[in-house]
Amino acid sequence: MSNDEITKEMKELLKQAIAPMKDSELRRDLWPQMLAKLEEQPAPVHAIPWFDWALAALAGATLLFFPGIIPALFYHL
Amino acid sequence: MELQERFAAGDLEAFEVLFRQHQREVYAWIVRIVRDSGIAEDLTVETFWRIYKYRARFKPDGNFRAWARRIGTNAALDHLRHARRETQLPEDVPCAAGADPAVRREVRDQIRNAFHELPPKYRLVATLALVEEESYAEIAKAVGISEALVKIRVFRAVRMLRKKLNSLGVEVSAK
Chain A
120 MSNDEITKEM
130 KELLKQAIAP
140 MKDSELRRDL
150 WPQMLAKLEE
160 QPAPVHAIPW
170 FDWALAALAG
180 ATLLFFPGII
190 PALFYHL
Chain B
788 MELQERFAAG
798 DLEAFEVLFR
808 QHQREVYAWI
818 VRIVRDSGIA
828 EDLTVETFWR
838 IYKYRARFKP
848 DGNFRAWARR
858 IGTNAALDHL
868 RHARRETQLP
878 EDVPCAAGAD
888 PAVRREVRDQ
898 IRNAFHELPP
908 KYRLVATLAL
918 VEEESYAEIA
928 KAVGISEALV
938 KIRVFRAVRM
948 LRKKLNSLGV
958 EVSAK
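Top line first, the protein sequences correspond to chains A and B.
Residues 120 to 196, numbered by this note's numbering, are exactly what the first sequence covers, in order.
Residues 788 to 962, numbered by this note's numbering, are exactly what the second sequence covers, in order.
Think of the hints as simulated: they come from the structure by calculation, not from any bench.
Keep in mind that the hints are not guaranteed to be accurate.
[Said to hold, decoys possible] Simulated crosslink set (DSS-like; lysine-lysine; CA at most 30 Å straight-line):
#  : chain 1 : residue 1 : chain 2 : residue 2
1  : B       : Lys-950   : A       : Lys-130
2  : B       : Lys-908   : B       : Lys-928
3  : A       : Lys-127   : A       : Lys-141
4  : B       : Lys-840   : A       : Lys-130
5  : A       : Lys-127   : B       : Lys-908
6  : A       : Lys-130   : B       : Lys-938
7  : B       : Lys-908   : A       : Lys-156
8  : B       : Lys-928   : A       : Lys-141
9  : B       : Lys-950   : A       : Lys-156
10 : A       : Lys-156   : B       : Lys-840
11 : B       : Lys-928   : A       : Lys-156
12 : B       : Lys-846   : A       : Lys-130
13 : B       : Lys-846   : A       : Lys-141
14 : B       : Lys-938   : B       : Lys-951
15 : A       : Lys-141   : B       : Lys-951
16 : A       : Lys-127   : B       : Lys-951
17 : A       : Lys-127   : B       : Lys-846
[Unchecked claim] Cβ pair distances, simulated, as ranges:
#  : chain 1 : residue 1 : chain 2 : residue 2 : range
18 : B       : Glu-958   : A       : Ala-176   : 56 to 62 Å
19 : B       : Ala-796   : A       : Glu-158   : 16 to 22 Å
20 : A       : Phe-193   : B       : Arg-807   : 53 to 59 Å
21 : B       : Glu-803   : A       : Tyr-194   : 25 to 31 Å
Computed from a prediction, not measured in an experiment: that's the story for all the values here.
We treat Cβ as the ideally placed atom computed from N, Cα and C, and that holds for glycine.
Okay, chain B solo, but in the shape it has when bound:
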């Protein structure tokens, strides 16, 4: 019996093999969304717990990697929804290489806070598309929506950010 088939049938050893094969990749995806290593570790475990819980729904000839990433994305989104306003972005986020030194720290904080206040589903796609520069196709697969909808959500997120930043007096082009 194949590994994925054994996993779908409830074999714990097969699940352990799949866990060890995919934990790094699932963690790497989640940490880019939640931006905290401790939370990402917990969510990785939560993701695999959901995977094991819903193993009967997995088709043994299916793509385990894509399925795991999708469940991980949902777990991360649930976290963003529940942790909204309870946590802040870590203070020690380093400034990107090549960052304009003229952009003052308070402006950077305003940008980060405005970003953090985006509704979770917009923040998720905006983080992946604008900060992590993932392709719309990859995001669409992970979130389970079309590429066109990803693009719409990214643009809505950008519009919300511009509005918020303009109201805070941060210079963003309104042309």
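Same shape as in the complex, but just chain A:
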């Protein structure tokens, strides 16, 4: 039995138990909920990802504990 035949057979079996969603019509306007959510959790314009903060903290800690690398850093800049 090929993969396609097996898949087709399972599709037929699933049809016996799970019907496709015939009624997928949205019954009301969701804009009021959208506005409420925006007021509750205003979306930041430019969210800075956590890993950027982690990278900045790591760089800061490196400079703090190894100040000797600062001249080398300036040299390479």
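Given chain A's structure and the hints, the job is docking chain B onto it.
Same frame as chain A, but now just chain B:
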């Protein structure tokens, strides 16, 4: 300035217009994945909240519909991951037209439960491909993977279902 350009720049009125244009379609897609109208409404709002949050990443000349569907699919997948085992498929799911009356209710329940126990990423593609009969191309676009990978996931889902159903004593061909 074009509507999508204004939206990307953070214009709330432009966002409202886009919301009203696309909310029905996003909802219709999500409800077919999560199969619950209340949850689908919440996820539609969540989808548009993410859309608004990440508006700076949207290219104004891009396809808003496809972008919204992709974000909606991710929101639905997140829901399937978090709600796993907390919710069951609604009991009143009607039997499909033409369903074999010989398939007893308990067998139908076993099939539905086995389906519900699939890992979320497999359940998502299996629902869309096997139950809703969406094309692999549409699913691939919405999930953000290749058609070949959709096909692989569908077949893996089928294999998992067969194994589970066979272990429950439901007759599934093992040829």
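Restraint check for B/Lys-928 with A/Lys-141, where alpha carbons must lie at most 30 Å apart: 22 Å, holds
Range hint 25 to 31 Å (beta carbons of B/Glu-803 and A/Tyr-194) holds or violated: The hinted range 25 to 31 Å is violated for B/Glu-803 and A/Tyr-194, with Cβ atoms some 54 Å apart.
Proposed proximity, A/Lys-141 with B/Lys-846 (alpha carbon, max 30 Å): Given pair B/Lys-846, A/Lys-141 is violated - Cα atoms ~34 Å apart, limit 30 Å.
30 Å Cα cutoff - pair B/Lys-928, A/Lys-156: Holds, at about 28 Å.
Pair hint outcome, A/Lys-127 versus B/Lys-846 [Cα-Cα no greater than 30 Å]: 39 Å, violated
Proposed proximity, B/Lys-951 with A/Lys-141 (alpha carbon, max 30 Å): Distance ~28 Å between A/Lys-141 and B/Lys-951 Cα, so the pair holds.
A/Lys-127 paired with A/Lys-141 [C-alpha distance capped at 30 Å]: Given pair A/Lys-127, A/Lys-141 holds - Cα atoms ~21 Å apart, limit 30 Å.
Hinted pair A/Lys-127 and B/Lys-908, Cα distance within 30 Å: It holds: about 20 Å lies between the C-alpha atoms, which stays within 30 Å.
B/Ala-796 paired with A/Glu-158, Cβ distance criterion 16 to 22 Å: 20 Å, holds
Pairwise hint evaluation, B/Lys-840 against A/Lys-156, where the allowed Cα distance is 30 Å at most: 12 Å, holds
Pair hint B/Lys-938 and B/Lys-951, alpha-carbon separation not exceeding 30 Å: Satisfied, since the Cα-Cα distance of roughly 20 Å is no more than 30 Å.
Pair hint outcome, B/Lys-950 versus A/Lys-130 [Cα-Cα no greater than 30 Å]: Holds, at about 15 Å.
In summary, the numbered hints that this structure violates are 4, 9, 12, 13, 17 and 21.
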